[in-house]
Amino acid sequence: MLVNSSSNSWAIIGLSPPKSGRLCGYKKLYIPYKNLICNISLTNIKCSSNLGSRIGNIVSCNARRRVRYEDEEDEDDSYGYNEELAILEMYSQSARGEALIVTAMVDDQQAEVLIFKGFSSCLSYKTSPDPSTSVLPKRAIIKLIDRIKGPFDPNNIDYIEKGLTFQTFTSRIAPTNQ
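Positions -7 to 170 (this note's numbering) are the ones given, in order, by the sequence shown.
Treat the hints as calculated values from the structure; they're not laboratory data.
Here a beta-carbon is modelled for each residue, glycine too, at the ideal position from N, C-alpha and C.
Careful, some of the hints might be misleading.
Straight-line distance between alpha carbons at most 25 angstroms, and here's what the computed SDA-like set of lysine to any residue pairs gives [what the hints assert, rightly or not]: (1) Lys118 to Thr160; (2) Lys135 to Glu153; (3) Lys141 to Asp99; (4) Lys118 to Ala103; (5) Lys154 to Cys114; (6) Lys135 to Ser120; (7) Lys118 to Phe108; (8) Lys118 to Arg164; (9) Lys135 to Ser86; (10) Lys154 to Pro121; (11) Lys130 to Asp100; (12) Lys118 to Glu75; (13) Lys141 to Asp100; (14) Lys154 to Phe144; (15) Lys130 to Asn148; (16) Lys130 to Ser163; (17) Lys154 to Ser124; (18) Lys130 to Asp145; (19) Lys141 to Arg131; (20) Lys130 to Thr160; (21) Lys118 to Ile165; (22) Lys135 to Glu75; (23) Lys109 to Pro143; (24) Lys118 to Gln101; (25) Lys118 to Ala91; (26) Lys154 to Asp122; (27) Lys109 to Arg164; (28) Lys109 to Met97; (29) Lys118 to Ser163; (30) Lys118 to Ala166; (31) Lys130 to Ile149.
FRET-style restraints, in silico, Cβ to Cβ [to be verified]: (32) Arg164 to Lys109: 15 to 21 angstroms; (33) Thr125 to Asp150: 16 to 22 angstroms; (34) Ser124 to Thr157: 14 to 20 angstroms; (35) Ile149 to Met97: 29 to 35 angstroms; (36) Ala166 to Asp100: 27 to 33 angstroms; (37) Ser120 to Ala166: 16 to 22 angstroms; (38) Gly89 to Ser113: 25 to 31 angstroms.
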């Protein structure tokens, strides 16, 4: 079990010994995060042994790369967090056989971003080594999205779809998210 409280900044993680189907204890951890985005999935399992069978739960948490520390001050509020880029990163995690090339405008300059398996990298300028920094600022406007077969090979780009707007792209993937 994982409980994440952004106001109190703590988590409880259920611990089990190896080869055991039951929850044995809890460990309280201090997490210095103000804002952590998690995907939590719950899976039922059945454990069989000489003593009988039990049904238990497995909880897994996949944390996204957007982490804000409590002592961190927003030095550049104009940069911000790009929610549209985060949606595209989440899509690319589930679409394993493809990558996305995103063309965006940032302050009247064109920027190209490659998104593959949930991670983005800027092709137009240097990508920040800090994983908590969004590749595109909040003020960026996504113009076009190209779906290509992954992994990305710049010498041989195999397009699935080319020139999609963000609205068209999200309307096509919306039925798969429900």
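Now for the hints, and whether the structure bears them out:
Restraint check: the Cα-Cα separation between Lys118 and Thr160 comes to about 29 angstroms, which exceeds 25 angstroms; the hinted pair is violated. This hinted pair checks out: Lys135 and Glu153 have alpha carbons roughly 14 angstroms apart, not beyond 25 angstroms. Of the pairs offered as hints, the one joining Lys141 and Asp99 is violated, with about 30 angstroms between alpha carbons and a cut-off of 25 angstroms exceeded. Straight-line distance between C-alpha atoms of Lys118 and Ala103 comes to about 11 angstroms, which keeps the hinted pair within the 25 angstroms bound.
In summary, the hint linking Lys154 to Cys114 is supported, as the alpha carbons are separated by about 18 angstroms, within the 25 angstroms threshold. A distance of roughly 22 angstroms separates the Cα atoms of Lys135 and Ser120; the hinted pair therefore holds under the 25 angstroms criterion. With a C-alpha separation of about 17 angstroms, the suggested pair Lys118 and Phe108 falls inside the 25 angstroms cut-off, and the hint holds. Annotation: proposed proximity of Lys118 to Arg164 is violated, straight-line Cα distance about 31 angstroms (limit 25 angstroms).
With a C-alpha separation of about 23 angstroms, the suggested pair Lys135 and Ser86 falls inside the 25 angstroms cut-off, and the hint holds. Distance hint between Lys154 and Pro121 is unfulfilled; the C-alpha atoms sit about 29 angstroms from each other, more than 25 angstroms. Restraint check for Lys130 and Asp100: satisfied, since their Cα atoms lie roughly 14 angstroms apart, inside the 25 angstroms limit. Restraint check for Lys118 and Glu75: satisfied, since their Cα atoms lie roughly 20 angstroms apart, inside the 25 angstroms limit.
A distance of roughly 29 angstroms separates the Cα atoms of Lys141 and Asp100; the hinted pair therefore is violated under the 25 angstroms criterion. Distance hint between Lys154 and Phe144 is fulfilled; the C-alpha atoms sit about 15 angstroms from each other, no more than 25 angstroms. Restraint check: the Cα-Cα separation between Lys130 and Asn148 comes to about 31 angstroms, which exceeds 25 angstroms; the hinted pair is violated. The hinted pair formed by Lys130 and Ser163 meets the criterion: a straight-line CA distance of about 21 angstroms does not exceed 25 angstroms.
The hinted pair formed by Lys154 and Ser124 fails the criterion: a straight-line CA distance of about 29 angstroms is larger than 25 angstroms. Note on Lys130 and Asp145: the hinted pairing is violated, with a Cα-Cα distance of about 28 angstroms set against a maximum of 25 angstroms. Taken as a hint, the Lys141 and Arg131 pair is broken in the structure, with Cα atoms around 29 angstroms apart against an allowance of 25 angstroms. Straight-line distance between C-alpha atoms of Lys130 and Thr160 comes to about 20 angstroms, which keeps the hinted pair within the 25 angstroms bound.
For a cut-off of 25 angstroms, the pair hint linking Lys118 to Ile165 is broken: about 30 angstroms separates their Cα positions. Proximity of Lys135 to Glu75 is assessed by CA-CA distance (about 15 angstroms); at most 25 angstroms being required, the pair is judged to hold. The hinted pair formed by Lys109 and Pro143 meets the criterion: a straight-line CA distance of about 9 angstroms does not exceed 25 angstroms. Restraint check for Lys118 and Gln101: satisfied, since their Cα atoms lie roughly 14 angstroms apart, inside the 25 angstroms limit.
Restraint check: the Cα-Cα separation between Lys118 and Ala91 comes to about 19 angstroms, which is no more than 25 angstroms; the hinted pair holds. A hinted pair counts as satisfied when its Cα atoms are at most 25 angstroms apart, and Lys154 with Asp122 does not qualify at roughly 30 angstroms. A threshold of 25 angstroms between alpha carbons decides the hint, and for Lys109 with Arg164 the separation of about 19 angstroms falls inside it, so the pair holds. A C-alpha spacing of about 23 angstroms is found between Lys109 and Met97, which places the hinted pair at or below 25 angstroms, so the restraint holds.
Among the hinted pairs, Lys118 with Ser163 is inconsistent with the structure: their alpha-carbon atoms are about 31 angstroms apart, more than 25 angstroms. Distance check on the hinted pair: Lys118 and Ala166 sit about 32 angstroms apart at the alpha-carbon level, beyond 25 angstroms; violated. Only pairs whose Cα atoms come within 25 angstroms are accepted, and Lys130 paired with Ile149 is rejected, the gap being roughly 28 angstroms. Between Arg164 and Lys109 the beta carbons are some 20 angstroms apart, a value that agrees with the proposed interval 15 to 21 angstroms.
Here the CB-CB span from Thr125 to Asp150 is close to 30 angstroms, at odds with the stated 16 to 22 angstroms. Between Ser124 and Thr157, the C-beta spacing of about 28 angstroms breaks the proposed range 14 to 20 angstroms. Between Ile149 and Met97, the C-beta spacing of about 22 angstroms breaks the proposed range 29 to 35 angstroms. For Ala166 paired with Asp100, a C-beta distance near 31 angstroms keeps the hint of 27 to 33 angstroms intact.
Between Ser120 and Ala166 the CB atoms are about 30 angstroms apart, so this pair departs from the stated range of 16 to 22 angstroms. Evaluation of the 25 to 31 angstroms hint for Gly89 and Ser113 yields a failure: the beta carbon distance comes to about 18 angstroms.
Checked against the numbered hints above, the structure breaks hints 1, 3, 8, 10, 13, 15, 17, 18, 19, 21, 26, 29, 30, 31, 33, 34, 35, 37, 38 and satisfies the rest.
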